[in-house]
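Combine both chains into one complex, guided by the hints.
Line by line, the protein sequences give chains L and D. Residue 206 in this note's numbering sits at position 206 of the first sequence; the count goes up by one each step and never skips. Residue 330 in this note's numbering sits at position 330 of the second sequence; the count goes up by one each step and never skips.
Hints are computed from structural coordinates only; laboratory data are not their basis. Possibly wrong hints are sitting among the right ones.
Which bits of chain L does chain D cover? Going by a derived footprint, with three or more residues having C-beta under 8 angstroms, they are [as the list claims (entries may be wrong)]:
1) 59 to 67
2) 164 to 171
3) 260 to 274
In the DSS-like style, the derived pairs of lysine-lysine whose C-alpha atoms are separated by at most 27 angstroms in a straight line are [stated by the list, open to error]:
4) L:K86 x L:K173
5) L:K67 x D:K101
6) D:K62 x D:K305
7) D:K101 x D:K177
8) D:K305 x D:K69
9) L:K67 x D:K69
Computed spacing ranges between beta-carbons, pair by pair [said to hold, decoys possible]:
10) D:D438 x L:S150: 48 to 54 angstroms
11) D:R441 x L:L85: 17 to 23 angstroms
12) L:N45 x D:R144: 49 to 55 angstroms
13) D:E442 x L:R25: 54 to 60 angstroms
14) L:R89 x D:D352: 48 to 54 angstroms
15) L:P68 x D:D438: 18 to 24 angstroms
16) D:E50 x L:I46: 39 to 45 angstroms
17) L:V70 x D:T160: 26 to 32 angstroms
18) D:D352 x L:I83: 39 to 45 angstroms
19) D:G421 x L:F72: 36 to 42 angstroms
20) D:D307 x L:V174: 33 to 39 angstroms
21) L:P68 x D:R144: 33 to 39 angstroms
22) L:P68 x D:S300: 44 to 50 angstroms
Backbone N, C-alpha and C fix where the C-beta goes; we use that ideal spot for every residue, glycine too.
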Amino acid sequence: MTTTSAAPPKSSLPPTSFWRRAAVRRNLNAYAFIVPFIILFVVFNIGPFFWALWLSLLRGDLVDQVKPFVGFQNYLSLTTDDITLKVFRNSLQYTVSVVPIAVITALGLAFLIGNKLVRFKDFYRAVVFFPLLASAAATAQIWSYILAPSFGVMTYLLGLVGIPEVYWLSNPKVALYGILLIEWWRGIGFHIILFLAAMLGVPEELQEAARIDGANAWQVATRVTIPLMRPVILFSIVMGTIWAFQLFDTVFVLTNGGPVHATATIVWYIYNHAFRYGQVGMAAAMGVVLLLIIMPISYVQMRVLGER
Amino acid sequence: MATGTKLSRRDFLVRTATVAGVAAVGAGLSACAPAVPAAEGDGGDMPAMEVVTLTMWKGPHKAAGDETKLCAQPTLDVLEEMHPEISVDFSEIPWGQYNEKFTAAFAADQGPDVSYQTESFPRFVNAGHIMPLDDMIESSSFDRSYFYERAWEPGTYGGTTYSFPWIIGGSNLFWNKDLFEQAGWDPDTPPDTIDDFVAVAQDITALSDDVYGFATHPKGWHENGQWPRRFGGHWFNEDLTECIVNSAEAYDGWHFFNSLFHDIGIAMPGAISGQEPGVGGYFRDGKVGMITAQNVFANSVRSEKPDFNLGASRMATGPAEGARGRACYGGVGMLAIAAKTEYPDESWTVIDTLVTPDLLTSWIGCLGFMSVSPHVNFYPDDPVLTTAQTTLEYTFFWPYRGWIFKFWDIEGTSIESFVLGHRTVEEAIEDMVVQINDMLREEEGS
Numbered sequence: 001m002t003t004t005s006a007a008p009p010k011s012s013l014p015p016t017s018f019w020r021r022a023a024v025r026r027n028l029n030a031y032a033f034i035v036p037f038i039i040l041f042v043v044f045n046i047g048p049f050f051w052a053l054w055l056s057l058l059r060g061d062l063v064d065q066v067k068p069f070v071g072f073q074n075y076l077s078l079t080t081d082d083i084t085l086k087v088f089r090n091s092l093q094y095t096v097s098v099v100p101i102a103v104i105t106a107l108g109l110a111f112l113i114g115n116k117l118v119r120f121k122d123f124y125r126a127v128v129f130f131p132l133l134a135s136a137a138a139t140a141q142i143w144s145y146i147l148a149p150s151f152g153v154m155t156y157l158l159g160l161v162g163i164p165e166v167y168w169l170s171n172p173k174v175a176l177y178g179i180l181l182i183e184w185w186r187g188i189g190f191h192i193i194l195f196l197a198a199m200l201g202v203p204e205e206l207q208e209a210a211r212i213d214g215a216n217a218w219q220v221a222t223r224v225t226i227p228l229m230r231p232v233i234l235f236s237i238v239m240g241t242i243w244a245f246q247l248f249d250t251v252f253v254l255t256n257g258g259p260v261h262a263t264a265t266i267v268w269y270i271y272n273h274a275f276r277y278g279q280v281g282m283a284a285a286m287g288v289v290l291l292l293i294i295m296p297i298s299y300v301q302m303r304v305l306g307e308r
Numbered sequence: 001m002a003t004g005t006k007l008s009r010r011d012f013l014v015r016t017a018t019v020a021g022v023a024a025v026g027a028g029l030s031a032c033a034p035a036v037p038a039a040e041g042d043g044g045d046m047p048a049m050e051v052v053t054l055t056m057w058k059g060p061h062k063a064a065g066d067e068t069k070l071c072a073q074p075t076l077d078v079l080e081e082m083h084p085e086i087s088v089d090f091s092e093i094p095w096g097q098y099n100e101k102f103t104a105a106f107a108a109d110q111g112p113d114v115s116y117q118t119e120s121f122p123r124f125v126n127a128g129h130i131m132p133l134d135d136m137i138e139s140s141s142f143d144r145s146y147f148y149e150r151a152w153e154p155g156t157y158g159g160t161t162y163s164f165p166w167i168i169g170g171s172n173l174f175w176n177k178d179l180f181e182q183a184g185w186d187p188d189t190p191p192d193t194i195d196d197f198v199a200v201a202q203d204i205t206a207l208s209d210d211v212y213g214f215a216t217h218p219k220g221w222h223e224n225g226q227w228p229r230r231f232g233g234h235w236f237n238e239d240l241t242e243c244i245v246n247s248a249e250a251y252d253g254w255h256f257f258n259s260l261f262h263d264i265g266i267a268m269p270g271a272i273s274g275q276e277p278g279v280g281g282y283f284r285d286g287k288v289g290m291i292t293a294q295n296v297f298a299n300s301v302r303s304e305k306p307d308f309n310l311g312a313s314r315m316a317t318g319p320a321e322g323a324r325g326r327a328c329y330g331g332v333g334m335l336a337i338a339a340k341t342e343y344p345d346e347s348w349t350v351i352d353t354l355v356t357p358d359l360l361t362s363w364i365g366c367l368g369f370m371s372v373s374p375h376v377n378f379y380p381d382d383p384v385l386t387t388a389q390t391t392l393e394y395t396f397f398w399p400y401r402g403w404i405f406k407f408w409d410i411e412g413t414s415i416e417s418f419v420l421g422h423r424t425v426e427e428a429i430e431d432m433v434v435q436i437n438d439m440l441r442e443e444e445g446s
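Bound-form chain D, shown alone (with noise of 0.2 angstroms):
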């Protein structure tokens, strides 16, 4: 529309910068906007349903895109078909940006309406970004029974509980029936003490210089800081308030672990077994007769390598009494809501019927995962994973705090620091023993 007013080539320009800076600054601001929930129907006599969208973020356990692709929306097609005014928009998060990608957006108030976390959990209920779930659980009668008892422990703060238990995982035993078999063992019969281990293990690392009868990673802190325990040590006292894994017991594990590489010699050195194709991949080449790892691991082996002839066990059991002698890593994958959701009943809704028993089957079950409920067994015609599930009564948890990536990082350099003999097991202990006394008096104001 003419005004009659003549636009000077300045007056132009000025203005031009004007709505540009304005437009950066509204883009900027409207990507930090809340997604506004889309509202579905193409009108017609029907009345318009309000369809809610949800975000949904998980770390992925599957090769990237593939836990989506495969057990991820095939479960969310199911969720979103009974409950039709539900949509989940589901991303994962791989695990190498999970820390920043959650903090950032917990810090902007942006974080996910439904998410999975790990042991660093806390830090978010600490700060207030998740929601107590204890009223929706009452409210809607669910029956805690439902999961193992000890599966909510980790989600449950000051008698309150804040997630849902949706994945539980251990470590086993697994071994390479092959080489036992070479080696002169019954490829059906695994160790069954320490004792049993090791002279399994010399008999597989006689084979050949390139072989041999165990691994792990030098600075594998889910397998390796189980030794101590094993030996009947202790990592922490009752109320996380002191670290105490150089007892006499825990420095028994600790020398017997280091022996493995350096006095008996039947472990993969840490040099090698720390680099590609790693623990895992030199076990699947039949360079490595036994390894403990969390259970999913038995379906990389097949997918890689359909004919290994694979077993698992429970881990051959140490000096310690009970279930401790056989101590694997544990943990517990679970649900959350964020407490700043503008949905928290559709969220609820969403959490509660992902573990309904056929959606649990169909996403964590195809995951390869044990089942968090003893009501469901994913698998009941394969002998290798219900095994694993029965594993579960030997795995240990480590503490849910905000400060366990600190921890895991101080536990696996001092490991890795004897495993390659960097420095003595005893100067390793006492530094990490001090490092982590002094995080505790930091962060749990001991």
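The shape of chain L in the complex, shown without the other chains (with noise of 0.2 angstroms):
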């Protein structure tokens, strides 16, 4: 879809103070209406974003009435601090699996869910998105009886087809991939709903042309409809990556970081460091180095959506 607009007419005032200007004076309603939203912006997410940047300077606890002032001691500390390294090895390693698995899975299945000759759609879109609506602690202690060893559903279904038993949360080089699974059934939904919506914003009649000029589906699909796609694909991405770095709730109710670490994740770090180890610095600077981490992609959304 494209858009036209015409360029604003040159205001008449010069340009002197900014109350004065007629965008502002012609706009001031907008202007009522986003204030307490920008009030409760400022007061919860831009302050703590610049507390958080103080707090990463200080020693101390959350609780201390008084934290001394370290400088940039917190950042130098997570350079030679071994697990720290290791959470952010594991969450670099996890976005980097889930996010394509999920992307892909998530495509193929709103194509599937998508075709015409399927029926029941809204029941398909309604048991896809099910899981994103449960809580996450729900859906972990769900999922911890699905993977144990012994008599877990899962170690059954792979037994029938003689998989030998898959210690899932307590294989040390298995574990992340067992939080990935539950993180993909729980996410996938929402990449599947994207991708529907995206898919009925493609014209029929390219796909048509296409089929004319002879393209079998497959072609359609990967020359005419996943190119038009395209923007959507890119926003699932990066939302996937930022919600991957970001993983806390599944690790910290199934494994708590374990086994030897193998699931801990920044996140779950920065949670330790905060109300566990009573490290409020050590935790705000990981959470900065977190966002220096996620800016270049929420910059890279940024571009894409702009283009749009």
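Okay, structure coming up:
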């Protein structure tokens, strides 16, 4: 879809003070509507952001009345702490695994559900979206039984096809992928719903033209539909990446970072420093580093959506 | 009231937005304000009695909501009858949210008037959020010998008492009498020595492929950390400035513990026991002969499987002399008063009343813990829990320090790494000691 916009007429008023500008005065109503949001946004987002920056330069417990200023000491400590390096590695490994898997499988399932031959589409949409609505803690608890050794459903199903018992959450080499499996199940509905909506936006006549030109279903999908869904797919990748770096609930409930820190993630470690270890400065420093990782990704997102 | 001034649409929107903004900020600020004490009384001729409402937080020791329903509220009802000027607003704080709730509340000077505290309590003491109790104890002539002497230690810092002992708990050996009998052992006689322990466990393990003589969670810091003690090792030096759990005696304990999994093979593999239904679940389901667990575990087994043939005793003794040979986890749960409370006298009344024999039995006895007072026996007619009470002499407390959670994480992960076969005992223990000593240098300034 394209939009046309005329350039706004230049104001006849000289650019004096902010309040006297015509554009500002003309949009006062709009500003009035967004003021409550702006206030809350400043109080709950901008304020805490700068507070976290300040905390990252201090040492001590969140409950301490006085926290000594230590400059960049917390940032330096991050570089020498083995567990910090491990959690950053885990988060990266998890992100580069879960995002492509989730996006590709979601795309495949979206094509399946969106197929004209498939009936009860709304039912399938609801089914795939349902896990996203359930509480993370509750679903994690359910999955702990599904993945349990000896009597777990997954162990039973794999046993039917001759695959031996897998210690999904207690083998350090496998545990991160056990978490990945659960998070994939929880998050895939979001991607599918996005893709289904994007597929509706692809002009039917383009697909029709491709078919007339002799393209088969695979070619229509890969050469027409998917390229036209590109901005949504990119948005999906960006959001998936941000969420992957923020992984916490499932790890906290199911493995608490174990076994042997195999599932420890950045946010899990931030939580421990802030609320269990009494080292809020370290927690804030890690939060700032996480921001520095996520910020370029958000920048890409804004650029891509801006182009759209 | 009309003023004759016409309100334009724009003015209306601006004013509405301003009011909405002020209301939003006001609502946010009011949420942070301390609760106003409730004043009750319906007037009439009687002078209205000022009723003070105190907040009280505690981590649950039963399934969510059950402690409030079965133990706390009936106890608090009696307390409020005894002291009609006090109302207690009790909340169970789930353990999963315990740290962030307390940290956030005390950081904002909004801590509960009365709170239940455990090993990480010193964080709040050091930051000045907990009220010293010595003056109140003196002025009320409270007899300190009412509690076990060692129960006072965890709440005392620099000679000042910051909390009242309330709960005392410890671990002991639980065994499945039916499995003992099937393995040809006397079901009423627990193993006395480590050698007996291994012999019984081997016979139970031989019963079936999926039955084990012993089980423990691979990351169970409370239970697994006792093995070096049973062989004569110590975790720390006297002044808590150095971790010394890599001594020769301690290593004997670590190696013996490791052999239960990898050499003797009588322990359920850690990859299984660490997952659902957990050590307790496998024990309850008859898959495990012996475990060490906190004494409240007896209650959960009985409620989940009333016909379970349960035995409880002190742990089998290792080579260490005296109580150390049978070392088990122990801990004290305490009642503390917030330094910023507006009602210190009423808060003192609450904790002073909650430890009286009847109310102690009504709440803590209901939970299945042991009595913190030698003068109060919760379970005179229950041989299992009475035995558990006698095992308190073998319990060892972890240090009550602000760094305890970090210590447990280091300890648990290191032990888990050799139980799961990820590292050797030496690699895991040496790395653990280095990490703990780094932490002590940072936290204790040693």
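Here is what the structure says about each hint:
1. Using a Cβ-Cβ cut-off of 8 angstroms, 5 residues of the segment 59 to 67 of chain L lie near chain D, which meets the minimum of three, so the contact claim holds.
2. Given as covered by chain D, the segment 164 to 171 of chain L passes the check, having 4 residues with a CB less than 8 angstroms from a CB of that chain where 3 are the minimum.
3. Evaluation of the coverage hint for the segment 260 to 274 of chain L: fulfilled, as 5 residues show C-beta separations to chain D shorter than 8 angstroms, against a requirement of three.
4. Between K86 of chain L and K173 of chain L the alpha-carbon distance is near 14 angstroms, which keeps this suggested pair within the 27 angstroms criterion.
5. With a CA separation close to 20 angstroms, the supplied pair K67 of chain L and K101 of chain D stays within the 27 angstroms bound.
6. This hinted pair checks out: K62 of chain D and K305 of chain D have alpha carbons roughly 16 angstroms apart, not beyond 27 angstroms.
7. Between K101 of chain D and K177 of chain D the alpha-carbon distance is near 42 angstroms, which puts this suggested pair outside the 27 angstroms criterion.
8. Restraint check for K305 of chain D and K69 of chain D: the C-alpha separation of about 22 angstroms stays at or below 27 angstroms, so the hint holds.
9. Pair hint K67 of chain L plus K69 of chain D does not hold up; C-alpha atoms about 41 angstroms apart against a cutoff of 27 angstroms.
10. For the hinted restraint 48 to 54 angstroms between D438 of chain D and S150 of chain L, the CB-CB distance of approximately 39 angstroms leaves it violated.
11. Range check, R441 of chain D to L85 of chain L: Cβ separation about 20 angstroms, and the 17 to 23 angstroms hint holds.
12. Roughly 51 angstroms separates the CB atoms of N45 of chain L and R144 of chain D, a value that falls within the hinted 49 to 55 angstroms.
13. The hinted range of 54 to 60 angstroms is satisfied by E442 of chain D and R25 of chain L, whose Cβ atoms lie roughly 58 angstroms apart.
14. Checked against the hint of 48 to 54 angstroms, the pair R89 of chain L and D352 of chain D passes, with Cβ atoms roughly 53 angstroms apart.
15. The hint said 18 to 24 angstroms for the Cβ distance between P68 of chain L and D438 of chain D, and at roughly 19 angstroms that hint holds.
16. Between E50 of chain D and I46 of chain L the beta carbon distance is about 43 angstroms. The supplied range of 39 to 45 angstroms therefore holds.
17. Remark: the range hint 26 to 32 angstroms for V70 of chain L to T160 of chain D is upheld by a beta-carbon distance near 29 angstroms.
18. Hint check: D352 of chain D to I83 of chain L, Cβ distance near 44 angstroms, so the stated range 39 to 45 angstroms holds.
19. In this structure, G421 of chain D and F72 of chain L meet the distance hint of 36 to 42 angstroms, their C-beta atoms being roughly 40 angstroms apart.
20. Roughly 38 angstroms separates the CB atoms of D307 of chain D and V174 of chain L, a value that falls within the hinted 33 to 39 angstroms.
21. As the Cβ distance of P68 of chain L to R144 of chain D is approximately 37 angstroms, the hint placing it in 33 to 39 angstroms holds.
22. At roughly 45 angstroms, the beta carbons of P68 of chain L and S300 of chain D sit within the given window of 44 to 50 angstroms.
The earlier numbered hints that this structure contradicts are 7, 9 and 10.
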